[in-house]
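One line per chain: the protein sequences are Y and Z, in this order. Under my numbering, the letters of the first sequence match residues 1 to 356, in that order. Under my numbering, the letters of the second sequence match residues 1 to 356, in that order.
Calculated directly from the structure, the hints in this document are not laboratory data. Mixed in with the good hints, there may be bad ones.
Quick list of the computed label-pair ranges, beta carbon to beta carbon [stated by the list, open to error]:
1. Z:S18 with Y:P195: 29 to 39 Å
2. Z:Y16 with Y:D327: 26 to 36 Å
3. Z:H318 with Y:N352: 17 to 27 Å
Partial list, derived from the structure: chain Z residues whose beta carbon lies under 7 Å from chain Y [as the list claims (entries may be wrong)]:
4. A58
5. V171
6. T174
7. G178
8. G183
9. I274
10. D281
11. L320
One side of the interface only, derived from the structure: several residues of chain Y facing chain Z at Cβ under 8 Å [claimed, not checked]:
12. C182
13. L257
14. D281
15. Q306
16. D310
Cβ coordinates follow ideal geometry from the N, Cα and C atoms, glycine included.
2 protein chains.
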Amino acid sequence: MNLPTSLAKMPDPKQYVSLRDAETPLFAGIDVGGTNIKIGLVDCQGRTLAYHTIPTEAERGPEDAAERMGAGVGQVIKQAGAAEQDVVHVGLATPGPLDLSTGMLLTPGNLPDWWNFPIRDRVSQHCRRPVRYANDANAAAYGEYWSGAGSEFHSMVLLTLGTGVGGGIVVGDTLIEGAHGCGSECGHVLIDSSPDARRDSLDKAGSLEAYCGAYAVVGRTNDALDAGRPSSLTEVRAEREITPLDVSNAAEAGDSLAREIVLETARYLALGIITLIHTIDPDSVVLGGAMTFGGAGHPLGEEFLQQLRDEVRPRLLHSLQEVLQIDFAQLGGDAGYIGAAGLARLEYLQKNTTDR
Amino acid sequence: MNLPTSLAKMPDPKQYVSLRDAETPLFAGIDVGGTNIKIGLVDCQGRTLAYHTIPTEAERGPEDAAERMGAGVGQVIKQAGAAEQDVVHVGLATPGPLDLSTGMLLTPGNLPDWWNFPIRDRVSQHCRRPVRYANDANAAAYGEYWSGAGSEFHSMVLLTLGTGVGGGIVVGDTLIEGAHGCGSECGHVLIDSSPDARRDSLDKAGSLEAYCGAYAVVGRTNDALDAGRPSSLTEVRAEREITPLDVSNAAEAGDSLAREIVLETARYLALGIITLIHTIDPDSVVLGGAMTFGGAGHPLGEEFLQQLRDEVRPRLLHSLQEVLQIDFAQLGGDAGYIGAAGLARLEYLQKNTTDR
């Protein structure tokens, strides 16, 4: 399912900083998606100096893409007028599953021609720099933590609401990537243990994703329509498959079923967030991705967020109720490359600390 | 509810190391419980050199106890024949809730006369050393991680099954203590979102603790007996209230309801563990506490563990199924003071790294 980006209605937060004001060393971040590869040059504070996007053209294979990533990094360096030697480390984010220890991209669903490719080392070779490799949801979380919605906090949980539900957990300098690359898989938190629980794209029953992923929102809508609930969406469905944007638009227009579906999504999401808060007790929970019903500043998005807070608060441990912090992400689609660059910086700093 | 320690049937793992073989510096660990305060002197590898226990005598108040903790630390140093200057830092674990930033013990249920006491600084004064303060479940987790069931791993989740369900999460040098002292509260992971979900001691519906705490196991047993299920426990209940040990003993003796309750506990616990594994993806999940039905080497305990693994495995992300590691804790009641000492060591090392 393709999510129309307009559903997110995210402002583009990219505000370039000039090289004159940047703090060196600099870091390049690469975020590989199914359609585009985003490449940014980022300074020591997470500010973007230059940005460039290239089509993924996945069918040309990963070797070709790795070569183009190397060229793209060269291009953002040139674009920013930076010196080659100021860019010391590169961050690379891709969809999972991946093997962080070997730097292998394993079997990503949306990149079938790229399976089992040693992407970290190949990109490193083309960039002529060490590469810090990460899962894209984790990189996005680190990006928001470093220079977005989490930048004033010590710890943060990011939930990315899209086709699926992804996540990233950061506590201080520790990004929870997991012993087997499956840390922060917040979409697989269980929220329903009943025998008739919904199933997610991996056929797992009762997961957060099975209720809050884009396909789940559409699925719940279809179920309600099948049950004969009146809605303006009946007409839409007579012509084509319903999309999350249809649900969002109908809710905005006052369709009561659509509104119910949106607020029900908040109730399901709340169950996952309650569990995550009691597990991590982060300073803040941050919501990103297209399925935020417009997000910050948008009436439906704000109502969704308020419903979520209202559902979560009373079910928390007493001492957590007053300090509850749930907000929208701030970096939009830039979080991935900025976070990848941030992780590259972290690795660079840690290596330099250890080596001295 | 008091849990008879015999339910755990844990061997005492304390093997003293002599001062001659110990690695300096040394660390003292203090674990404050409702009945006893355990104090140990531990070397740089987590090995116990000397151990001493004093009655909590909570009614004498926290100031009196803090003074006796100071004397107790002096005693274990003397007992081990160590030099005062070799013991550089003290770790202190107490039940929560507590405020780590100020070192205040807040409102612990089992220490009503100790509420809002600045325990970290008072103990520090009496020990004449810096004190690293921690929640007891978190300290126990760090103890198991440092020198028990997790000692070969980089990351570990400990679940302590007792009257309630506690926990501790360690990833590398990061112990997830939370932004507000409520990190690793694994007993508050949600496992049941149905309207008739059981409630825990804090009246929260559907939490792991509401199904797997000692009172929950007894509650589920009583419910089954009320529903007319035949069981040898009917006779016990005619005379007095059923305890978890009764359920455990009846299960061992072949009582089918009691066996069902034990295996059902494993099924409920599995739901919480699936969520924790997808959130943290630790190298290992470790089970401690009295409610492990005999624990390692005991037929019922081993059956409980096997049932748990069988319930968890098929519901994990594919790449995690083969690497699943769930085991019993190894340090028994020593985990708390050893972990407190270990956290003191970590703080000592981090301070020394930062200061240089």
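Here is how each hint holds up against the structure:
1. Z:S18 with Y:P195: 29 to 39 Å: 58 Å, violated
2. Z:Y16 with Y:D327: 26 to 36 Å: 52 Å, violated
3. Z:H318 with Y:N352: 17 to 27 Å: For Y:N352 against Z:H318, whose Cβ atoms are near 37 Å apart, the range 17 to 27 Å is violated.
4. A58: 22 Å, violated
5. V171: 6 Å, holds
6. T174: It holds, given that the least Cβ distance between Z:T174 and chain Y is near 4 Å, below 7 Å.
7. G178: Holds, because the Cβ-Cβ distance from Z:G178 to chain Y comes to roughly 3 Å (cut-off 7 Å).
8. G183: Since the shortest Cβ distance to chain Y is 4 Å, the answer is holds.
9. I274: 6 Å, holds
10. D281: 3 Å, holds
11. L320: Nearest chain Y Cβ about 6 Å off; hint holds.
12. C182: With a closest approach of 4 Å, the Y:C182 hint holds.
13. L257: 22 Å, violated
14. D281: It holds, given that the least Cβ distance between Y:D281 and chain Z is near 3 Å, below 8 Å.
15. Q306: 21 Å, violated
16. D310: Hint violated; Y:D310 Cβ to chain Z Cβ min 16 Å, cut 8 Å.
Comparing the model with each numbered hint stated earlier shows that hints 1, 2, 3, 4, 13, 15 and 16 do not hold.
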